[in-house]
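Dock chain B with the ligands against the given chain A, drawing on the hints supplied.
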Amino acid sequence: MLEIKNLSYRVENADIVNSVDLLVPDRSFMVITGPNGGGKTSLAKLVMGISTPTGGSIFWDGQDITALSVTQRARLGISYGFQQPPRFKGMKVRDLLEIAAGEHISHDKACSYLTKVGLCARDYIERDVDSSLSGGEVKRIEIATVLARRCKLMIFDEPEAGIDLWSFARLTETFQEIHDRKEASILIISHQERIIRLADEIVLLAGGKITAKGSVDEVYPQIVSDTVAGCNRLEVKGAC
Amino acid sequence: MLNDIQKRILEIVADMKDTGSGAVNIRSDGEKAFRRNTEHIVIESKTDKDGIDIRIAPGTKKEAVHIPVLLTKTGLQDMVYNDFYIGEDAEVDIIAGCGIHNCGEGHSQHDGVHTFYVGKNASVKYVEKHYGEGDGKRTLNPQTVVYLQEGATITLETTQIRGVDDTKRYTKVICEGENSEVIIRENLLTEGEQFAHSEMDVFLNAAGSRAQIISRSVAKDRSVQVFYPRAEGNSACFGHVQCDAIIMGGAKVRAIPEITCNHVDASLIHEAAIGRIAGEQILKLMTLGMDAEAAEQKILEGFLR
Ligand SMILES: Nc1ncnc2c1ncn2[C@@H]1O[C@H](COP(=O)(O)OP(=O)(O)OP(=O)(O)O)[C@@H](O)[C@H]1O
Ligand SMILES: [Mg+2]
Chain A
1 MLEIKNLSYR VENADIVNSV DLLVPDRSFM VITGPNGGGK TSLAKLVMGI
51 STPTGGSIFW DGQDITALSV TQRARLGISY GFQQPPRFKG MKVRDLLEIA
101 AGEHISHDKA CSYLTKVGLC ARDYIERDVD SSLSGGEVKR IEIATVLARR
151 CKLMIFDEPE AGIDLWSFAR LTETFQEIHD RKEASILIIS HQERIIRLAD
201 EIVLLAGGKI TAKGSVDEVY PQIVSDTVAG CNRLEVKGAC
Chain B
1 MLNDIQKRIL EIVADMKDTG SGAVNIRSDG EKAFRRNTEH IVIESKTDKD
51 GIDIRIAPGT KKEAVHIPVL LTKTGLQDMV YNDFYIGEDA EVDIIAGCGI
101 HNCGEGHSQH DGVHTFYVGK NASVKYVEKH YGEGDGKRTL NPQTVVYLQE
151 GATITLETTQ IRGVDDTKRY TKVICEGENS EVIIRENLLT EGEQFAHSEM
201 DVFLNAAGSR AQIISRSVAK DRSVQVFYPR AEGNSACFGH VQCDAIIMGG
251 AKVRAIPEIT CNHVDASLIH EAAIGRIAGE QILKLMTLGM DAEAAEQKIL
301 EGFLR
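Respectively, the protein sequence lines represent chains A and B. Numbering follows the numbering used here, in which position 190 of the first sequence is assigned residue number 190; successive positions increment by one, without gaps. Numbering follows the numbering used here, in which position 2 of the second sequence is assigned residue number 2; successive positions increment by one, without gaps.
Bear in mind the hints are in silico, worked out from the structure with no lab data behind them. The structure displayed is predicted, hence computed values, not measured ones. Beta carbons are placed, not taken as given, at the ideal position from N, Cα and C, and that holds for glycine. A portion of the hints provided could be inaccurate.
Have a look at the derived ranges for each label pair, beta carbon to beta carbon [said to hold, decoys possible]:
1) Pro25/A <-> Glu280/B: 27 to 37 Å
2) Asp18/B <-> Gln176/A: 33 to 43 Å
3) Glu280/B <-> Lys109/A: 47 to 57 Å
4) Asp50/B <-> His107/A: 43 to 53 Å
Examples of chain B residues lying across from chain A (beta carbon under 10 Å, computed) [unchecked claim]:
5) Arg216
6) Asp244
7) Gly279
8) Leu283
9) Lys284
10) Leu285
11) Met286
12) Met290
13) Asp291
14) Ala295
15) Ile299
One chain only, chain A, in its complex shape (with noise of 0.2 Å):
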């Protein structure tokens, strides 16, 4: 279980994570969501290690991990997917998988990763994760690097950000087995209604704090009607 409690990330008098109370019990499948800029990939960031934060612990497990380096976290169960995942020259995609998964990996197996995000293997696993390849592929590749680790905690930022249709359908498909399976908890950062409708809890993130938090059906009409064309009133807290 994670446990965030009052946390606070402050950057140049600006609250970017702003007193966050939040619990992410075990097996459960939590959506963030909210306007941009508000936090949510700070959040994450604060929780793998990243950046430190200006005030606040976090919990994993019951262990105080906040003063613990971003391996150690890794180490005990944390995984986490980039946003914006870099590129490496000269790092083949079956490297990234091996160093994720600790071991060798045979074909199959690695095969069975990228078969998760709609990538087929044969083409990519000696591929060079380098500029050669294109935004959504490289997002892709990402997303079966957390899956090649099977952690306790998985947390994706943006998976479905520039990946197409049909992988976009055999990824929710995947986050849908893990849950199914109980195999891990998932804390998923989206602003995919899709996405957002598979989960068991909503938390709705602005300005750097919680404003909404809840299932589905008691969250989702708030952000429908809160989000008016135009006008974004989470943005701006009504103030356009």
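Relative to chain A, chain B with the ligands alone:
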């Protein structure tokens, strides 16, 4: 016949177990240590100077020649001339490589001049690894000259793995025949106070000739690297020069790619990038469970592969 040091270094620079198989010429401490010819590949010592002539018969398919050079005595200065005559339609792999084991006070140096005459439609892959170990100073100054006839292709893969204090390399490729092609991949790692200088001239003189030069390097500590790849298009040709360097610590890297077009249908491109390892890359590998040091090592390994 070969001692343990020689065997170990042979494996590092030429991937050879003992004297390997196929055509082989091992030069050790300035002398011929071992030679084996095959039906299609004949190696002969030069009579006017130090070095060998390697003749590869036309039509030779899927054969390899290993010609490693070892320096194990301290203070040895070695200079050789190797000429390769590759017959029409031949397909060969040439594995060169130089390993210096200098455990003395003296300065060990090997200067090699390799000249390739690649016949019509022949295809050559040349792999060269440079490696040094020991306390004494180690210098390697290779020169490579290539003449390509019509439809001939050569891939030059050169790697300076570790331990070479001083290197000055020069590579010249002349695409004389139509549709000839050269691919150069240079990988270099320097550390400590090492210095590496690499200069290249590629002349695309015939229609349809192509060149691809990819230089990847890592400069650590206080080492210094200078790259000066030049490509000249004198016909309807295509050339791409790419220099990529990762810089660490107090190292310095200078890259001066130069392209010259003397023909309206010549198309040449150059790219050069020097920078530290992207922090995001290290972070990404850390999220996969690696520690920062291992992540950095992995990134460098891939980069220099
Ligand atoms: N290191 C930083 N320095 C200054 N501002 C920052 C820093 N990191 C994040 N921000 C700002 O904090 C806000 C939240 O950023 P964050 O990336 O968390 O948003 P997000 O909710 O993920 O948005 P999106 O939906 O666009 O991905 C943004 O306004 C961003 O510009
Ligand atoms: Mg974001």
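Going down the list of hints, with the structure as the test:
Remark: the range hint 27 to 37 Å for Pro25/A to Glu280/B is upheld by a beta-carbon distance near 31 Å. At about 58 Å, the beta-carbon gap between Asp18/B and Gln176/A misses the expected band of 33 to 43 Å. Take Glu280/B and Lys109/A: their Cβ atoms lie about 27 Å apart, and the range 47 to 57 Å is violated. The given range of 43 to 53 Å is respected by Asp50/B and His107/A, whose C-beta atoms sit roughly 49 Å from each other.
A least Cβ separation of about 7 Å between Arg216/B and chain A falls short of the 10 Å threshold, and the interface hint therefore holds. Interface restraint check: Asp244/B against chain A, minimum CB-CB distance 7 Å, threshold 10 Å, status holds. With 10 Å as the threshold, the beta carbon of Gly279/B comes within range of chain A, its nearest partner Cβ sitting at about 9 Å, so the hint holds. At its closest, the beta carbon of Leu283/B sits 6 Å from a beta carbon of chain A; the interface hint therefore holds under the 10 Å criterion.
Checking Lys284/B against chain A: minimum C-beta separation of about 5 Å stays under 10 Å; hint holds. Taken as an interface hint, Leu285/B checks out: its beta carbon lies about 6 Å from the nearest beta carbon of chain A, inside 10 Å. The interface hint given for Met286/B holds, since its Cβ lies 4 Å from the closest Cβ of chain A, which is under the 10 Å cut-off. A least Cβ separation of about 6 Å between Met290/B and chain A falls short of the 10 Å threshold, and the interface hint therefore holds.
At a threshold of 10 Å, the smallest CB-CB gap from Asp291/B to chain A is about 5 Å, leaving the interface hint in force. The beta carbon of Ala295/B comes within 8 Å of a beta carbon in chain A, closer than 10 Å, and the hint placing it at the interface holds. The beta carbon of Ile299/B comes within 7 Å of a beta carbon in chain A, closer than 10 Å, and the hint placing it at the interface holds.
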